[in-house]
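Enquirer: One-letter residues, chain by chain:
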Amino acid sequence: MVYTHKSPALLVIGLAILLWGWLNQSGSLDGMQAWLHPGAYKEHKQAVDKHAADAKAAVDKAAAEGKPAPEAKPAKPSKFDDLKAGQTRLAWILGGIFAAVGVLVLLLPAKEGHLDYFVGVAPGMAFIVGIAVGVRWILDPMFANWGKAAAPTLGWDFAKIMNLNYVVLGIVIGMVIVNLLRIPAWAANGVRTARLFLKTGVVLLGTLYSAAELAQLGALSVVMIGIFVLGSVWLVLLAGPRMGASNSMTGVLSSGVGVCGVSAAVAASPVVNAKAVDIAFTLGTILLWGVLCMFTFPTIGQLLGMGPVQFGAWAGTGILNSAQVAGAALAFDPHGIETLKVAEIFNITRVLFLPIIVVWLAAWYVKREAGAQKVDLGKVLVAKFPVFVLGFLFMFLLSTLGLFAPPGHYQGKYFSSEQVKEDKLLKEKELAALQAALPKLAKAEESKAMQELIANRKLTSREQDHVLKGVAKAAKDDKALKDAIGAANKAAWHSSKIISAFRDWIAWLFAIGLTGLGMQITVASIKQAGGKPLIIGSVVGAIKAIGSLIVVLLFVKEFV
Amino acid sequence: MSFVPGTLLLAHHGTDGAKRAEAQAFALASPGRTRIVHLYVVPEFWAGMQGDDWLNNAWTRDAFAVHVERQLDAEATTEVDGLAARCLSRGFACEALIRFGEPAECLLAAAREVRPELVVIGPPRPKGVEGYRSRMDLEKLARGLAAPLLVAR
Chain A
1 MVYTHKSPAL LVIGLAILLW GWLNQSGSLD GMQAWLHPGA YKEHKQAVDK
51 HAADAKAAVD KAAAEGKPAP EAKPAKPSKF DDLKAGQTRL AWILGGIFAA
101 VGVLVLLLPA KEGHLDYFVG VAPGMAFIVG IAVGVRWILD PMFANWGKAA
151 APTLGWDFAK IMNLNYVVLG IVIGMVIVNL LRIPAWAANG VRTARLFLKT
201 GVVLLGTLYS AAELAQLGAL SVVMIGIFVL GSVWLVLLAG PRMGASNSMT
251 GVLSSGVGVC GVSAAVAASP VVNAKAVDIA FTLGTILLWG VLCMFTFPTI
301 GQLLGMGPVQ FGAWAGTGIL NSAQVAGAAL AFDPHGIETL KVAEIFNITR
351 VLFLPIIVVW LAAWYVKREA GAQKVDLGKV LVAKFPVFVL GFLFMFLLST
401 LGLFAPPGHY QGKYFSSEQV KEDKLLKEKE LAALQAALPK LAKAEESKAM
451 QELIANRKLT SREQDHVLKG VAKAAKDDKA LKDAIGAANK AAWHSSKIIS
501 AFRDWIAWLF AIGLTGLGMQ ITVASIKQAG GKPLIIGSVV GAIKAIGSLI
551 VVLLFVKEFV
Chain B
1 MSFVPGTLLL AHHGTDGAKR AEAQAFALAS PGRTRIVHLY VVPEFWAGMQ
51 GDDWLNNAWT RDAFAVHVER QLDAEATTEV DGLAARCLSR GFACEALIRF
101 GEPAECLLAA AREVRPELVV IGPPRPKGVE GYRSRMDLEK LARGLAAPLL
151 VAR
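From first to last, the protein sequence lines stand for chains A and B. So that you can map any letter, position 85 of the first sequence is 85 in my numbering, and since no number is skipped, the others follow by simple counting. So that you can map any letter, position 19 of the second sequence is 19 in my numbering, and since no number is skipped, the others follow by simple counting.
Because the hints were derived from the structure by calculation, they are not lab data. Just to be clear, a hint being listed does not mean it is correct.
Stated by the list, open to error - Listed next, the in silico SDA-like pairs over lysine to any residue satisfying Cα-Cα at most 25 Å (straight line):
1) B:127 / A:374
2) A:374 / B:66
3) A:497 / A:486
4) B:127 / A:244
5) A:473 / A:555
6) A:527 / B:96
7) A:275 / B:16
8) A:527 / B:136
9) A:374 / B:131
10) A:275 / B:69
11) A:379 / B:61
12) A:527 / B:128
13) A:374 / B:61
14) B:140 / A:448
15) A:527 / B:130
16) B:19 / B:61
17) B:127 / A:184
18) A:379 / B:69
19) A:275 / B:126
20) A:275 / B:99
21) A:76 / A:97
22) A:527 / B:74
23) A:42 / A:179
24) A:527 / B:105
25) A:275 / B:78
26) A:111 / A:188
27) A:497 / A:78
28) A:275 / B:77
29) A:275 / B:101
30) A:275 / B:131
31) B:19 / A:193
32) A:275 / B:140
33) A:527 / B:102
34) B:127 / A:179
35) B:140 / A:179
Make a model of the complete structure from these sequences and hints.
Expert: Written out as structure tokens, the structure is:
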């Protein structure tokens, strides 16, 4: 079979991305970029004006003193400049690769082989990458602007409340393409590589955890997942036979609803000899719930004022389908990946539970179904083991050994007094802003954290940092206070360049992967939700979502 | 004089409605004269039934795909063999066409292929009755079919 479609599509995508990079570099898109990023542009304009005024003042002063005009120093790149430079750099890399492979697609003879296999997926990969790039660079800031512009009229920021950021928009566009427009034939093979992007993202996530973080999140996830996964599997196994569902239907539903959604149902179906109708009803139900949860969980999380740990723990436990866990976590917290970090630990724990649950279901099915074939437990455990988790652990190990960041980076060493240099301590102006805000603080823990910050001129613990982050978030109009807390936070948290790059790449990998995954959610499959799986799945899914929310709100502290 | 079709295209996939279509087809057919062509459609939604699974490895996904194919094949074989046996017992010639896709499009394609004198299908499934959500698009059939269409009640 020849996989490569002779189509100029890949070349066109490559050239379009290159064009964006060139226009961006030449400044032709500055007007558009200024409209897309008004905040960054305003700061940039102020910095440029100030630089020009300073330069003029220096020239005037030199002229008055009869000295030669001083050499003009280049202005420090602003956030706006960095943003443009980052886009340009990525556009050159991606556009260059796509255009080069695009030429190869057109020139290569249609012949079976390894080269054809790898080249054949490139157009589809470029398709989802191109959409993710367009969404992240254009649609995401556009919706953010529209949300802010409509807020005075509507009374609420629809883009923020409805989480219309690059993750949700990417998934929605993916779903629209597959359901309304159809995936082009030249892209069909490559779109399936979305899984590769997501798994690579999870592997790279391993670089972001400290040993203490991983141990604490791991323990929390084992407890939460243990209770809710085993609980919901047990509940479905109990309810299924009582509602007259067949053993195979009950088996496949319990894995899907209990463990990690579609992936678990896919893994368990052959083991419990699921009938076609069992599979259709179950997967339809899980996909329906997954999509609903992905849109509702982040909004509920925002409304309840949840933080990254609470929301990550809730989404990682309560959302039936694992793909939507990542989607909801990034939708909730798109510009940092703290929530994703927490949610993915829960996802990984769920996946590690999967082989055990499949073995349990196999034993349950064989016991209840006369003539059912026994399965080789060892074979099942090996076959279902998620190998990419080993990659995650390997990256975590490398990171812990200090390969990507200085030793002690994760332990919060910059909270200690020795590690914060004098010039990083808060200045008088910043301390004055904190003093002014202190009487307005309502909670005792906030006052205490603020008083300590004023006394020490730096943050001394992660708990204090977390409390003051909340204060800064609530201080909508007090820019001086926000800046002061931001400066203290910046002094305490040093991020290595490699780790920052990893964070950026992880966000990209998930954005691309979830856009591609959106292209695999068909309305036709969701419409199959029905029969007893819909009733049992909905009841157990609701219990799991509400139960885990209550547990998280009651027992999970925001700080880990 | 009643109408007796030479070639009758019967869309049948084992539902109650399909059984009514089968009864109608048998009532109109004549042993020795009518050839019943059984169209069995595997709905296209199965192509997307791996959904957004991303955690499994290729081995597990392949095992699932093979399992689903076997299940669908077993269902199709049961229906095709069952109808063939019932036709045989009544003296009708019977042959089967198994197609994958959107039901109405498959029926139109089959009609172009076998050129039936009559097409018989079952009524739409009543609301609330369990089954796959894969309906026959009657408007598409009405516009595209060259042969008369009988919807059994």
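Enquirer: Work down the list of hints and note, for each, if the structure agrees.
Expert: The hints, checked one at a time:
Restraint check: the Cα-Cα separation between residue 127 of chain B and residue 374 of chain A comes to about 39 Å, which exceeds 25 Å; the hinted pair is violated. A hinted pair counts as satisfied when its Cα atoms are at most 25 Å apart, and residue 374 of chain A with residue 66 of chain B qualifies at roughly 18 Å. For the proposed pair residue 497 of chain A and residue 486 of chain A, the alpha carbon gap of about 19 Å is at most 25 Å, so the pair holds. Proximity of residue 127 of chain B to residue 244 of chain A is assessed by CA-CA distance (about 21 Å); at most 25 Å being required, the pair is judged to hold.
Taken as a hint, the residue 473 of chain A and residue 555 of chain A pair is honoured in the structure, with Cα atoms around 23 Å apart against an allowance of 25 Å. For the hint pairing residue 527 of chain A with residue 96 of chain B, the CA-to-CA distance comes to about 28 Å; that exceeds 25 Å, so the pair is violated. Simply put, residue 275 of chain A and residue 16 of chain B have alpha-carbon atoms about 19 Å apart, close enough for the 25 Å limit, and the pair holds. Of the pairs offered as hints, the one joining residue 527 of chain A and residue 136 of chain B holds, with about 15 Å between alpha carbons and a cut-off of 25 Å not exceeded.
Proposed proximity of residue 374 of chain A and residue 131 of chain B is contradicted: the alpha carbons are some 30 Å apart, above 25 Å. Under the criterion of a C-alpha separation no larger than 25 Å, the hint pairing residue 275 of chain A with residue 69 of chain B is consistent with the structure, at around 11 Å. Taking the CA atoms of residue 379 of chain A and residue 61 of chain B, the gap is near 15 Å; set against the 25 Å cutoff, the hint holds. Note on residue 527 of chain A and residue 128 of chain B: the hinted pairing holds, with a Cα-Cα distance of about 14 Å set against a maximum of 25 Å.
As the CA atoms of residue 374 of chain A and residue 61 of chain B are separated by approximately 20 Å, the hinted pair is consistent with the 25 Å bound. Annotation: proposed proximity of residue 140 of chain B to residue 448 of chain A is violated, straight-line Cα distance about 72 Å (limit 25 Å). For a cut-off of 25 Å, the pair hint linking residue 527 of chain A to residue 130 of chain B stands: about 12 Å separates their Cα positions. For a cut-off of 25 Å, the pair hint linking residue 19 of chain B to residue 61 of chain B is broken: about 35 Å separates their Cα positions.
As the CA atoms of residue 127 of chain B and residue 184 of chain A are separated by approximately 35 Å, the hinted pair breaks the 25 Å bound. A distance of roughly 22 Å separates the Cα atoms of residue 379 of chain A and residue 69 of chain B; the hinted pair therefore holds under the 25 Å criterion. The suggested pairing of residue 275 of chain A with residue 126 of chain B holds, with an alpha-carbon distance near 23 Å, which does not exceed 25 Å. The suggested pairing of residue 275 of chain A with residue 99 of chain B holds, with an alpha-carbon distance near 20 Å, which does not exceed 25 Å.
A threshold of 25 Å between alpha carbons decides the hint, and for residue 76 of chain A with residue 97 of chain A the separation of about 31 Å lies outside it, so the pair is violated. Note on residue 527 of chain A and residue 74 of chain B: the hinted pairing holds, with a Cα-Cα distance of about 23 Å set against a maximum of 25 Å. Taking the CA atoms of residue 42 of chain A and residue 179 of chain A, the gap is about 40 Å. The hint is violated against a cut of 25 Å. Only pairs whose Cα atoms come within 25 Å are accepted, and residue 527 of chain A paired with residue 105 of chain B is accepted, the gap being roughly 19 Å.
With a C-alpha separation of about 14 Å, the suggested pair residue 275 of chain A and residue 78 of chain B falls inside the 25 Å cut-off, and the hint holds. Of the pairs offered as hints, the one joining residue 111 of chain A and residue 188 of chain A holds, with about 18 Å between alpha carbons and a cut-off of 25 Å not exceeded. A threshold of 25 Å between alpha carbons decides the hint, and for residue 497 of chain A with residue 78 of chain A the separation of about 18 Å falls inside it, so the pair holds. Distance check on the hinted pair: residue 275 of chain A and residue 77 of chain B sit about 14 Å apart at the alpha-carbon level, within 25 Å; holds.
Between residue 275 of chain A and residue 101 of chain B, the direct Cα distance comes to roughly 20 Å. Compliance with the 25 Å bound is thereby established for this hinted pair. Proximity of residue 275 of chain A to residue 131 of chain B is assessed by CA-CA distance (about 13 Å); at most 25 Å being required, the pair is judged to hold. In summary, the hint linking residue 19 of chain B to residue 193 of chain A is not supported, as the alpha carbons are separated by about 43 Å, beyond the 25 Å threshold. For the given pair, residue 275 of chain A sits about 31 Å from residue 140 of chain B by alpha-carbon distance, which is inconsistent with the 25 Å threshold.
Proximity of residue 527 of chain A to residue 102 of chain B is assessed by CA-CA distance (about 14 Å); at most 25 Å being required, the pair is judged to hold. Restraint check: the Cα-Cα separation between residue 127 of chain B and residue 179 of chain A comes to about 24 Å, which is no more than 25 Å; the hinted pair holds. A threshold of 25 Å between alpha carbons decides the hint, and for residue 140 of chain B with residue 179 of chain A the separation of about 19 Å falls inside it, so the pair holds.
Checked against the numbered hints given earlier, this structure breaks hints 1, 6, 9, 14, 16, 17, 21, 23, 31 and 32; the rest are met.
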